[in-house]
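The residues making up each chain are set out below.
There are 2 protein chains.
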Amino acid sequence: MKLITAGILVIGDEILSGRTYDTNSNFIAKNLIKNGIKLEEIKIIQDKLTIIEKSVLNFSNKYNYVFTTGGIGPTHDDITSESVASAFKKKLEVNNEAYKILEKYYPKGQFNKSRQKMTIMPEGAELIYNPVTVAPGFKIKNVFVLPGVPKIMEKMFLEILNNIQKGKPKLITTINTDLYESKIASFLNDIQKKYKDCSIGSYPYFNFVSKIGGVNIVISSWNMNSLKPVEKDIIEMIQLNSGKSLVV
Amino acid sequence: MKLITAGILVIGDEILSGRTYDTNSNFIAKNLIKNGIKLEEIKIIQDKLTIIEKSVLNFSNKYNYVFTTGGIGPTHDDITSESVASAFKKKLEVNNEAYKILEKYYPKGQFNKSRQKMTIMPEGAELIYNPVTVAPGFKIKNVFVLPGVPKIMEKMFLEILNNIQKGKPKLITTINTDLYESKIASFLNDIQKKYKDCSIGSYPYFNFVSKIGGVNIVISSWNMNSLKPVEKDIIEMIQLNSGKSLVV
Numbered sequence: 001m002k003l004i005t006a007g008i009l010v011i012g013d014e015i016l017s018g019r020t021y022d023t024n025s026n027f028i029a030k031n032l033i034k035n036g037i038k039l040e041e042i043k044i045i046q047d048k049l050t051i052i053e054k055s056v057l058n059f060s061n062k063y064n065y066v067f068t069t070g071g072i073g074p075t076h077d078d079i080t081s082e083s084v085a086s087a088f089k090k091k092l093e094v095n096n097e098a099y100k101i102l103e104k105y106y107p108k109g110q111f112n113k114s115r116q117k118m119t120i121m122p123e124g125a126e127l128i129y130n131p132v133t134v135a136p137g138f139k140i141k142n143v144f145v146l147p148g149v150p151k152i153m154e155k156m157f158l159e160i161l162n163n164i165q166k167g168k169p170k171l172i173t174t175i176n177t178d179l180y181e182s183k184i185a186s187f188l189n190d191i192q193k194k195y196k197d198c199s200i201g202s203y204p205y206f207n208f209v210s211k212i213g214g215v216n217i218v219i220s221s222w223n224m225n226s227l228k229p230v231e232k233d234i235i236e237m238i239q240l241n242s243g244k245s246l247v248v
Numbered sequence: 001m002k003l004i005t006a007g008i009l010v011i012g013d014e015i016l017s018g019r020t021y022d023t024n025s026n027f028i029a030k031n032l033i034k035n036g037i038k039l040e041e042i043k044i045i046q047d048k049l050t051i052i053e054k055s056v057l058n059f060s061n062k063y064n065y066v067f068t069t070g071g072i073g074p075t076h077d078d079i080t081s082e083s084v085a086s087a088f089k090k091k092l093e094v095n096n097e098a099y100k101i102l103e104k105y106y107p108k109g110q111f112n113k114s115r116q117k118m119t120i121m122p123e124g125a126e127l128i129y130n131p132v133t134v135a136p137g138f139k140i141k142n143v144f145v146l147p148g149v150p151k152i153m154e155k156m157f158l159e160i161l162n163n164i165q166k167g168k169p170k171l172i173t174t175i176n177t178d179l180y181e182s183k184i185a186s187f188l189n190d191i192q193k194k195y196k197d198c199s200i201g202s203y204p205y206f207n208f209v210s211k212i213g214g215v216n217i218v219i220s221s222w223n224m225n226s227l228k229p230v231e232k233d234i235i236e237m238i239q240l241n242s243g244k245s246l247v248v
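From first to last, the protein sequence lines are chains A and B. Residues in the first sequence are numbered from 1 upward in steps of one, following this note's numbering. Residues in the second sequence are numbered from 1 upward in steps of one, following this note's numbering.
Because the hints were derived from the structure by calculation, they are not lab data. Please note that a few of the clues may not be correct.
Reference listing, derived: stretches of chain A covered by chain B, where coverage requires no fewer than 3 residues with Cβ under 8 Å from a Cβ of chain B [stated by the list, open to error]:
id: 1; segment: 31-41
id: 2; segment: 88-100
id: 3; segment: 103-115
id: 4; segment: 186-198
id: 5; segment: 205-215
id: 6; segment: 227-234
List time: in silico DSBU-like cross-link candidates among lysine-lysine, alpha-carbon distance up to 35 Å [said to hold, decoys possible]:
id: 7; chain 1: B; residue 1: K194; chain 2: A; residue 2: K43
id: 8; chain 1: A; residue 1: K108; chain 2: B; residue 2: K183
id: 9; chain 1: B; residue 1: K211; chain 2: A; residue 2: K232
id: 10; chain 1: A; residue 1: K48; chain 2: B; residue 2: K54
id: 11; chain 1: A; residue 1: K54; chain 2: A; residue 2: K38
id: 12; chain 1: B; residue 1: K48; chain 2: A; residue 2: K211
id: 13; chain 1: A; residue 1: K38; chain 2: B; residue 2: K91
id: 14; chain 1: A; residue 1: K43; chain 2: B; residue 2: K104
id: 15; chain 1: A; residue 1: K193; chain 2: B; residue 2: K139
id: 16; chain 1: A; residue 1: K244; chain 2: B; residue 2: K104
id: 17; chain 1: B; residue 1: K211; chain 2: A; residue 2: K100
id: 18; chain 1: A; residue 1: K232; chain 2: B; residue 2: K89
id: 19; chain 1: B; residue 1: K151; chain 2: A; residue 2: K211
id: 20; chain 1: B; residue 1: K104; chain 2: A; residue 2: K48
id: 21; chain 1: B; residue 1: K89; chain 2: A; residue 2: K183
id: 22; chain 1: B; residue 1: K193; chain 2: A; residue 2: K43
id: 23; chain 1: B; residue 1: K196; chain 2: A; residue 2: K139
id: 24; chain 1: A; residue 1: K89; chain 2: B; residue 2: K113
id: 25; chain 1: B; residue 1: K62; chain 2: A; residue 2: K38
id: 26; chain 1: B; residue 1: K113; chain 2: A; residue 2: K244
id: 27; chain 1: B; residue 1: K38; chain 2: A; residue 2: K91
id: 28; chain 1: A; residue 1: K139; chain 2: B; residue 2: K62
id: 29; chain 1: A; residue 1: K43; chain 2: B; residue 2: K108
We put the beta carbon where it would ideally sit given N, CA and C, even for glycine.
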């Protein structure tokens with residue numbers, strides 16, 4: 001089975017400076033996996049034309065879908081549209097449909113030059129509608145260009161999801177145990193070797209206040225039909241090691 | 001002035017699946033900028049040897065410092081150490097110092113094979129001590145290899161910061177205004193053109209409940225000695241447009 005893959009490009013100095021927390025990529029990630037699309041990479045990059053250009057091109061070649069967030073507003077530091085145009089060697093021009101949408105939206109006399117900037121897109125861009133603040137994003141080739149403001153981005157992204165090819169959702173089961181990770185590590189390794197079509201992740205946690213710790217074991221697979229046999233083996237292994245197990 | 005640069009490699013399928021929220025890169029980002037180190041890129045990648053290897057090498061060549069998080073625990077899915085060794089064509093071997101630390105830490109008979117795995121590092125690795133759960137990270141060339149658990153990673157990272165070359169902290173001033181972004185966009189652009197040694201970022205926000213919105217204007221510079229003149233121009237511009245301004 002050929003997987004449908006995706007990459008996310010988060011564009012913004014404000015994330016790299018630590019000023020802003022990127023919540024967008026986690027939102028997109030969760031929704032992609034539920035819809036059978038495998039997110040393979042997230043890259044957070046500076047507001048620099050040459051860097052955006054190169055990253056867009058590289059991701060567009062590597063993944064089925066690329067989602068960019070940030071840099072499509074009205075100010076001088078919003079340079080995603082021109083960078084994407086440049087990446088694909090497309091002319092940058094006023095998108096007539098976007099122009100009409102915004103012209104209609106703003107009170108007469110308030111559709112100023114900065115607002116008009118938001119209608120300038122690569123030639124041939126298809127609009128992604130914005131039900132929140134109207135200014136649209138766009139799609140060109142396999143690249144979906146979205147704004148950075150989470151409330152707006154989320155609505156637009158969910159709309160995109162309705163309209164793209166999806167795959168078989170990844171099967172995922174999480175087993176929690178109170179055993180230490182290093183106690184079960186070698187057994188988990190054996191079980192992983194037995195079931196090569198799934199991946200078994202091991203995520204320890206420890207609460208420094210309650211002093212309670214344990215491991216979440218995550219079994220996941222894009223192509224198995226059931227994870228039950230793996231789940232059974234892991235639960236038996238935990239019991240043999242006198243641990244508690246809970247499928248969560 | 002030559003800037004000191006950095007990149008972060010977040011290694012982990014659990015971030016790409018949306019299961020885990022990456023808080024580590026924001027923590028590192030905030031601390032780097034305060035210490036005069038410019039974070040230029042964050043990349044979140046899969047637990048795959050060839051991908052980790054390639055990314056480590058690429059970041060090591062591009063940036064002064066590279067910080068990796070995740071994948072140095074005792075389980076089979078922890079493959080960062082072998083990937084980093086492979087990137088630098090170093091032998092993978094038991095680090096004697098790490099071995100002694102862990103052997104001393106665990107009760108007799110409990111220093112099992114999985115725990116011993118955490119002492120296997122690239123030849124020539126320097127240890128990064130772990131004051132929380134003892135198992136150390138390591139440094140090789142300009143790459144600092146850290147665990148993924150935030151409470152542990154944070155302590156170890158702050159320790160590293162004490163011991164690496166830092167630069168002049170970036171000057172940053174934030175001015176908040178109640179004006180709409182598109183109202184001030186062209187004026188901000190003019191001010192940006194006047195002061196080429198700083199970067200002026202514009203971050204609009206809107207609360208959909210209170211219906212209150214505005215813009216945070218962030219002036220920042222790695223090489224100016226003061227941002228006061230820029231700040232003054234922006235505040236005057238806001239006043240001319242009948243807006244309120246507040247340096248926050």
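**Message:** Would the hint linking K139 (chain A) and K62 (chain B) be met if the CA-CA limit is 35 Å?
**Reply:** holds (31 Å)
**Prompt:** Are the Cα atoms of K211 (chain B) and K232 (chain A) separated by 35 Å or less?
**Reply:** Between K211 (chain B) and K232 (chain A) the Cα gap is close to 52 Å, so the pair fails against 35 Å, i.e. violated.
**Item:** Straight-line alpha-carbon gap K108 (chain A) to K183 (chain B), limit 35 Å
**Value:** holds (14 Å)
**Asked** Holds or violated: K211 (chain B) with K100 (chain A), Cα cutoff 35 Å?
**Response** Holds. K211 (chain B) to K100 (chain A) sits at ~25 Å (cutoff 35 Å).
**Item:** Proposed proximity, K108 (chain B) with K43 (chain A) (alpha carbon, max 35 Å)
**Value:** Violated: K43 (chain A) and K108 (chain B) sit about 44 Å apart, past 35 Å.
**Item:** Restraint check for K244 (chain A) with K104 (chain B), where alpha carbons must lie at most 35 Å apart
**Value:** holds (28 Å)
**Message:** Need the status of pair K232 (chain A), K89 (chain B): alpha-carbon distance at most 35 Å?
**Reply:** violated (40 Å)
**Request:** Confirm or reject the coverage of the segment 31-41 of chain A by chain B under the rule of 3 or more residues with a beta carbon closer than 8 Å to the chain's beta carbons.
**Result:** Answer holds; 6 residues pass the 8 Å Cβ test.
**Prompt:** Between K113 (chain B) and K244 (chain A), does the CA-CA distance stay at or below 35 Å?
**Reply:** Distance of about 22 Å is within 35 Å: holds.
**Distance restraint between K43 (chain A) and K104 (chain B), which requires alpha-carbon spacing of 35 Å or less** = Violated, because 40 Å separates the two Cα atoms, which is more than 35 Å.
**Request:** With a cut-off of 35 Å on the C-alpha distance, tell me whether K89 (chain A) and K113 (chain B) pass.
**Result:** violated (55 Å)
**Request:** Mind taking a look at whether chain B covers the segment 103-115 of chain A? Criterion is 3 or more residues with CB to CB distance under 8 Å.
**Result:** holds (count 4)
Taken one by one, the earlier hints fail for this structure at numbers 2, 6, 9, 14, 18, 20, 24, 29, listed in ascending order.
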